[in-house]
Each structure stands twice: as C-alpha cells, then as structure tokens.
Amino acid sequence: MPDTVTPPLLKRGSAEEMRSLGAGLDSLQSETARRKRTDLSRVLLPLAAVVFLVLAWQFYVSLGFRRRDQVPGPLDVLGSLGLLWQEGTAQEAIWTSLQRGVVGFAISIVVATPIGLLLSQVRLLRRAFGPLVSGLQVLPSVAWVPAAIIWFGLSDATVYFVMFMGAIPSIINGLISGVDQIPPQYRRVGSILGASRWEMAVHVVLPAALPGYVGGLKQGWAFSWRSLMAAEIIAMGGTLGFGLGSLLEQGRQLADMGIVMSAILVILFVGIAVELLVFAPVEKRLLRGRGLLAGSTR
Amino acid sequence: MTETLTQTQALAAEALAAAGGRRTENGQQDRAPAVVLENVGKRFGAGPAVLEDINATVRQGEFVALLGASGCGKSTLLNIISGLDVPSSGALEVPSDGAAFMFQDASLFPWLSARGNVELALKLRGVGRAERRVRAGELLELVNLGNAADKRPHELSGGMRQRVALARSLAQDRALLLMDEPFAALDAITRDLLHNELERVWKETGRTIIFVTHNVREAVRLGQRVLLLSSRPGTVVAEWQVSEEHRTNAAKAVELTGDITARLREEIRRHA
Numbered sequence: 001m002p003d004t005v006t007p008p009l010l011k012r013g014s015a016e017e018m019r020s021l022g023a024g025l026d027s028l029q030s031e032t033a034r035r036k037r038t039d040l041s042r043v044l045l046p047l048a049a050v051v052f053l054v055l056a057w058q059f060y061v062s063l064g065f066r067r068r069d070q071v072p073g074p075l076d077v078l079g080s081l082g083l084l085w086q087e088g089t090a091q092e093a094i095w096t097s098l099q100r101g102v103v104g105f106a107i108s109i110v111v112a113t114p115i116g117l118l119l120s121q122v123r124l125l126r127r128a129f130g131p132l133v134s135g136l137q138v139l140p141s142v143a144w145v146p147a148a149i150i151w152f153g154l155s156d157a158t159v160y161f162v163m164f165m166g167a168i169p170s171i172i173n174g175l176i177s178g179v180d181q182i183p184p185q186y187r188r189v190g191s192i193l194g195a196s197r198w199e200m201a202v203h204v205v206l207p208a209a210l211p212g213y214v215g216g217l218k219q220g221w222a223f224s225w226r227s228l229m230a231a232e233i234i235a236m237g238g239t240l241g242f243g244l245g246s247l248l249e250q251g252r253q254l255a256d257m258g259i260v261m262s263a264i265l266v267i268l269f270v271g272i273a274v275e276l277l278v279f280a281p282v283e284k285r286l287l288r289g290r291g292l293l294a295g296s297t298r
Numbered sequence: 001m002t003e004t005l006t007q008t009q010a011l012a013a014e015a016l017a018a019a020g021g022r023r024t025e026n027g028q029q030d031r032a033p034a035v036v037l038e039n040v041g042k043r044f045g046a047g048p049a050v051l052e053d054i055n056a057t058v059r060q061g062e063f064v065a066l067l068g069a070s071g072c073g074k075s076t077l078l079n080i081i082s083g084l085d086v087p088s089s090g091a092l093e094v095p096s097d098g099a100a101f102m103f104q105d106a107s108l109f110p111w112l113s114a115r116g117n118v119e120l121a122l123k124l125r126g127v128g129r130a131e132r133r134v135r136a137g138e139l140l141e142l143v144n145l146g147n148a149a150d151k152r153p154h155e156l157s158g159g160m161r162q163r164v165a166l167a168r169s170l171a172q173d174r175a176l177l178l179m180d181e182p183f184a185a186l187d188a189i190t191r192d193l194l195h196n197e198l199e200r201v202w203k204e205t206g207r208t209i210i211f212v213t214h215n216v217r218e219a220v221r222l223g224q225r226v227l228l229l230s231s232r233p234g235t236v237v238a239e240w241q242v243s244e245e246h247r248t249n250a251a252k253a254v255e256l257t258g259d260i261t262a263r264l265r266e267e268i269r270r271h272a
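For the protein sequence lines, the chains are A and B, in the order given. As numbered in UniProt numbering, residues 1 to 298 make up the first sequence, in order. As numbered in UniProt numbering, residues 1 to 272 make up the second sequence, in order.
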C-alpha cells in the first residue's frame with residue numbers, strides 16, 4: 001500500500017460563491033418537471049381489447065355450434081339489457097347492490113382498521129390471532145351464507161354478515177402486511193424524534209403503511225363485492241331487496257340467457273368502474289407522491 | 001457487568017455553561033462537559049466486545065470528529081450516546097433531553113414534503129401549529145432550502161435531502177447533535193458544499209456535534225478535535241487537536257492528514 005495521501009480538504013471560495021454553487025447543484029440534481037400529457041393509448045388499448053373480445057364472441061356465435069337461446073350473441077344481450085333498463089329493473093338492481101356494497105365496505109373498514117393496527121403493533125395479539133385472520137381470508141365467505149340464513153333469516157343482515165366475513169380479514173391482512181413492510185429506519189427516526197407509542201402509530205406507522213393498506217382496501221372491496229353477489233344469488237326473497245345477484249338468479253330461474261349475461265356483464269362493469277374511478281386514482285396519487293411510480297408499467 | 005447510567009440535569013448543565021467560560025492555558029474555551037464517557041464497553045450477548053473502555057469528554061459547543069475504520073463500533077457508540085442502546089459496562093453522562101441524530105441516509109418520510117418532515121419533528125416536540133410553520137420555514141432557510149420547502153424527498157437531490165435532514169435534526173432543538181457518516185454517500189462537490197454549510201450552521205446555532213466518519217480528510221476539515229477509534233474492540237487510541245490553520249493552510253493540513261492517516265492504517269494493519 002503506497003503511503004501517499006490525497007490532498008486535504010481546504011476551505012475555499014467566498015460564502016457567495018458557495019451559495020451560487022449550491023443553487024446550481026440543486027437545480028441540476030433535482031428532478032425536472034414532469035411532462036403532463038394525456039396518453040391516448042391508456043384509453044384506446046383497453047377499448048381495442050374489449051372490441052376484440054366482443055368480435056371473437058360474435059364470431060363464435062355466428063359459427064352456430066350451440067342454440068341461440070343458450071349462447072346469445074353480443075347484440076342479443078345488448079337487447080335484453082336495454083329491455084331491463086327500460087323496465088327499470090337494471091337500475092334498481094345496480095342501485096340496491098351498490099348501496100349495500102358501499103355501506104358494507106365502509107363498515108368493514110371501520111371495524112378492520114383498528115383491529116389491523118392493534119394486531120400489527122401488539123406482538124401477543126398478533127401471535128394469537130394472526131393465523132386465524134389469515135385463515136379467515138382463505139375461507140370463502142360464501143361458506144357463511146347457510147349459517148347466516150339460519151341466524152338472520154332472509155334479511156339484509158345476512159347479506160352484510162357475509163360481506164363482513166369476506167372484507168374484514170382481507171383489510172386486516174393488508175394493513176398488517178403494509179406495517180410489516182415499513183423500513184425499520186422509519187421507526188428509528190420516529191423514536192429519535194421523540195414519538196410516543198400513539199404518535200408513532202399515527203405519524204409514522206399508519207402513513208408508512210398506507211400503500212399496503214390501500215392494497216388491502218382494494219382487495220377488501222373485491223372480496224366484499226364478490227361476497228355480496230354470492231349472498232344475493234343464494235339468498236332471495238324475504239325482506240331482501242332486489243340486487244344484481246338476485247337478477248342473475250332470476251335469469252337462471254327463467255332460463256333467460258339474455259338476463260343472465262346482462263347481469264354478469266353489469267356486475268363486471270360495476271367492478272371495473274369502482275377500480276378505475278376510486279382505487280386507481282387514489283393508488284396512483286399515493287405512489288407518485290412517494291416517487292414509486294417511475295419506471296412502472298402503469 | 002455493571003450498568004450505570006448517570007444523566008446530568010439539563011438545567012444544571014445550562015447553569016454550568018452560563019457560569020463557565022474560563023480560559024485554559026492554550027486559549028481554548030473550557031466549557032462544561034456535554035458528554036462524558038467513562039470506561040464504556042458494549043458487547044452483544046456473549047459475542048466479542050464491540051466497544052471497550054472508551055473514555056472521552058465532549059464539551060458544550062464542541063465539534064468532535066470520531067474517526068475509525070469500518071467495524072469499529074462507531075455507530076454503536078452513537079446509539080449508546082443517543083440512548084437508542086445501553087452500554088454493557090461503564091458509565092456515561094449525556095444531556096437529559098437526549099440528542100438529535102442524523103443518519104447516513106437522510107431517512108426522510110417520503111409521504112411528507114421537506115417542510116412537513118421538519119414540521120413533524122417540531123410537532124413531536126410539542127410546538128404549536130402556527131409556530132411550527134414559521135420555525136420550519138426558518139430552519140429550511142438556514143440550510144438554503146427555502147425554495148424547495150414543498151417538494152417531496154424523491155424530488156430532491158441527495159445533498160438537498162441531507163440538508164432537510166439537518167434542518168429536521170436542528171428542529172429537535174437538542175444541544176447535542178450526533179451525525180453518523182451523514183455525507184458518506186454524496187459526491188465530492190456536494191460534500192464540500194455541505195461541509196461549509198454544516199460549519200456555518202454549527203457556528204450559528206452553537207450545537208455540540210459528534211460527527212462519525214471514516215474519512216480522515218473530512219474529520220480534519222470539520223472537527224476541532226479528532227478522536228481515533230480502534231477496531232474490534234473499539235476504543236479511543238489517539239486524539240488530535242485541529243486548529244483553524246489546518247483548514248486553510250495546505251501544508252499544515254497535509255501534515256496532519258498524513259499523521260492521522262498513518263495512524264489509522266497502522267490500526268487497520270493490526271488486523272491483517
């Protein structure tokens with residue numbers, strides 16, 4: 001090892017020189033303004049994909065392998081959807097289901113969030129209940145429908161209960177995994193800054209876990225929407241309102257494939273609309289604000 | 001294994017500082033000690049000692065550079081001084097209100113703007129909303145970041161992030177500031193610049209700073225005193241006084257840097 005010494009660091013330059021040097025570095029090294037332009041491919045590509053699938057569907061139907069009343073074409077389904085719309089049945093079913101979905105999901109959030117925070121912060125509770133909550137997430141919530149009908153009869157309570165059993169474990173798990181993924185350095189900074197246990201949870205843990213939490217909410221919504229549809233298909237009549245699942249089941253009882261396909265498409269469409277209008281913007285904003293979207297395919 | 005932790009009362013320390021200020025022979029200000037380490041040792045579990053018999057005193061308002069090769073337990077020592085960790089043996093005296101800490105990575109919260117990060121430190125100290133905003137603005141101005149206050153950490157360069165981290169640690173308003181290789185990951189020009197800024201901030205705020213680094217030139221550039229820590233176990237093996245002349249006179253700087261580097265290399269060779 002040669003015993004040469006690199007030149008020492010000396011004080012150089014006046015205060016003014018250093019300030020302008022610093023300003024120059026700052027502007028060179030910080031991120032330049034992002035260009036904002038509406039990307040047409042975001043709209044056109046998904047649209048093209050849908051058109052392609054509809055054409056493929058029409059093509060299959062026109063080959064005539066199956067009877068038309070068993071496998072209706074796109075136009076037939078559109079016709080029966082239009083009929084349902086004119087009668088007002090479609091609107092009623094969408095409104096009923098969406099209302100239930102939103103209310104049930106909101107209650108699930110209110111219940112699941114404190115439980116998730118508690119489980120993620122208290123080791124004893126986490127060890128005791130963690131496996132159970134993960135297990136509940138695997139258990140299909142439809143499995144609760146028979147029990148719920150026996151307990152609550154054919155009432156809205158049945159539908160809500162099944163939704164809770166689907167959404168709550170999923171939101172809890174999302175929050176817990178969000179908390180688990182917090183870099184340990186954040187907590188260290190929090191305690192250096194003198195945060196109490198409560199302040200740590202509110203100012204460090206919760207915001208740091210937010211991306212995971214929103215992921216959990218998204219999945220929680222999917223679970224509650226699915227559970228709702230399942231519950232509506234199985235439990236009909238009584239004091240239950242007429243939802244999209246009920247419409248689907250009615251279509252089956254009438255052996256009307258037009259109604260069945262219409263209901264399926266509407267259920268799918270509502271799911272897509274909620275994802276595009278609610279979760280996608282929230283998630284995107286969240287990730288972009290933290291500089292996590294650079295280079296992603298979103 | 002004994003475990004004694006004495007903490008000076010902040011008030012008593014302040015009174016001492018006010019009463020102090022007598023001049024020593026070499027003309028240096030002899031102030032009340034801010035940090036006293038007596039035979040501090042640390043081992044994790046049954047492993048070998050990481051730190052052993054560390055004796056050092058840091059006076060109020062002093063800038064001490066703690067120099068050592070990798071694995072000498074510099075970070076462990078800082079953790080002990082800050083109260084994040086406790087020593088296995090020995091005693092230490094630290095300010096009772098704890099210490100501000102700056103890490104190698106800025107460790108800013110990515111969901112808060114530069115201002116938000118500084119304001120959070122103030123908020124956790126119990127500063128009211130209106131005053132927080134004013135104070136955070138002043139602190140960001142102090143590190144020349146007034147214009148970038150509303151940017152998120154990912155929109156800032158590494159040097160700017162470290163300056164926000166510096167503003168945040170100043171927001172803690174602790175007399176003692178611990179810095180764990182804060183400029184290690186920066187490019188040379190930015191580092192030069194931050195050396196100047198840190199020196200200026202230190203002079204303007206009168207903080208006591210313990211600055212850990214493995215870079216001899218950085219230690220000489222910044223510290224009034226350089227302490228050399230040996231490796232495995234870490235203990236203070238040498239100490240140098242650095243005068244202002246060492247920072248402006250190239251020949252003197254080269255000489256001191258050479259001395260310290262030679263000693264540091266000797267320490268590292270012992271492990272060959």
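I should point out that these hints are in silico values taken from the structure, not numbers from a laboratory. No residue lacks a Cβ here, since even glycine has one placed at the ideal position from N, Cα and C. Watch out, some of these pointers could steer you wrong.
Taking beta-carbon pairs under 7 Å as the criterion, some of the chain B residues facing chain A (in silico) [what the hints assert, rightly or not]:
#1 101
#2 104
#3 110
#4 124
#5 154
#6 160
#7 190
#8 193
#9 196
#10 238
#11 240
#12 241
#13 243
Straight-line Cα separation of at most 16 Å, EDC-like style, residue types lysine to aspartate or glutamate; simulated pairs [unchecked claim]:
#14 B/203 - B/244
#15 A/218 - A/275
#16 B/123 - A/26
#17 B/151 - A/26
#18 B/252 - B/199
#19 A/218 - A/156
Going through the hints against the structure:
With a least beta-carbon distance of about 5 Å to chain A, the hint placing residue 101 of chain B at the interface is held under the 7 Å criterion. Interface hint at residue 104 of chain B: violated, since its Cβ lies 10 Å from the closest Cβ of chain A, which is beyond the 7 Å cut-off. Annotation: residue 110 of chain B was flagged as interfacial toward chain A, and the flag holds, the nearest CB pair being 4 Å apart, inside 7 Å. Using the Cβ-Cβ criterion of 7 Å, the hint placing residue 124 of chain B at the interface with chain A is satisfied: the shortest such distance is roughly 5 Å.
The interface hint given for residue 154 of chain B is met, as the beta carbon of that residue sits about 3 Å from the closest beta carbon of chain A, less than 7 Å. The interface hint given for residue 160 of chain B holds, since its Cβ lies 6 Å from the closest Cβ of chain A, which is under the 7 Å cut-off. Given the 7 Å rule on beta carbons, the hint for residue 190 of chain B holds: about 6 Å separates it from the nearest Cβ of chain A. For residue 193 of chain B, the shortest C-beta to C-beta distance to chain A is roughly 5 Å, which falls under 7 Å, so the interface hint holds.
Taking 7 Å as the C-beta contact cut-off toward chain A, the hint placing residue 196 of chain B at the interface holds, the least distance being around 5 Å. For residue 238 of chain B, the interface hint is violated, since its Cβ never comes within 7 Å of a Cβ in chain A; the closest pair sits about 17 Å apart. Residue-level restraint check for residue 240 of chain B is violated (minimum Cβ-Cβ distance to chain A is 13 Å; threshold 7 Å). Contact between residue 241 of chain B and chain A, as hinted, is not supported at the beta carbon level, the nearest pair being about 16 Å apart and thus beyond 7 Å.
A least Cβ separation of about 13 Å between residue 243 of chain B and chain A goes past the 7 Å threshold, and the interface hint is therefore violated. Restraint check: the Cα-Cα separation between residue 203 of chain B and residue 244 of chain B comes to about 13 Å, which is no more than 16 Å; the hinted pair holds. Pair hint residue 218 of chain A plus residue 275 of chain A holds up; C-alpha atoms about 8 Å apart against a cutoff of 16 Å. Among the hinted pairs, residue 123 of chain B with residue 26 of chain A is inconsistent with the structure: their alpha-carbon atoms are about 28 Å apart, more than 16 Å.
At roughly 12 Å between alpha-carbon atoms, residue 151 of chain B and residue 26 of chain A fall within 16 Å of each other, so this suggested pair holds. About 20 Å separates the Cα atoms of residue 252 of chain B and residue 199 of chain B, which puts this hinted pair outside 16 Å; it is violated. Among the hinted pairs, residue 218 of chain A with residue 156 of chain A is inconsistent with the structure: their alpha-carbon atoms are about 23 Å apart, more than 16 Å.
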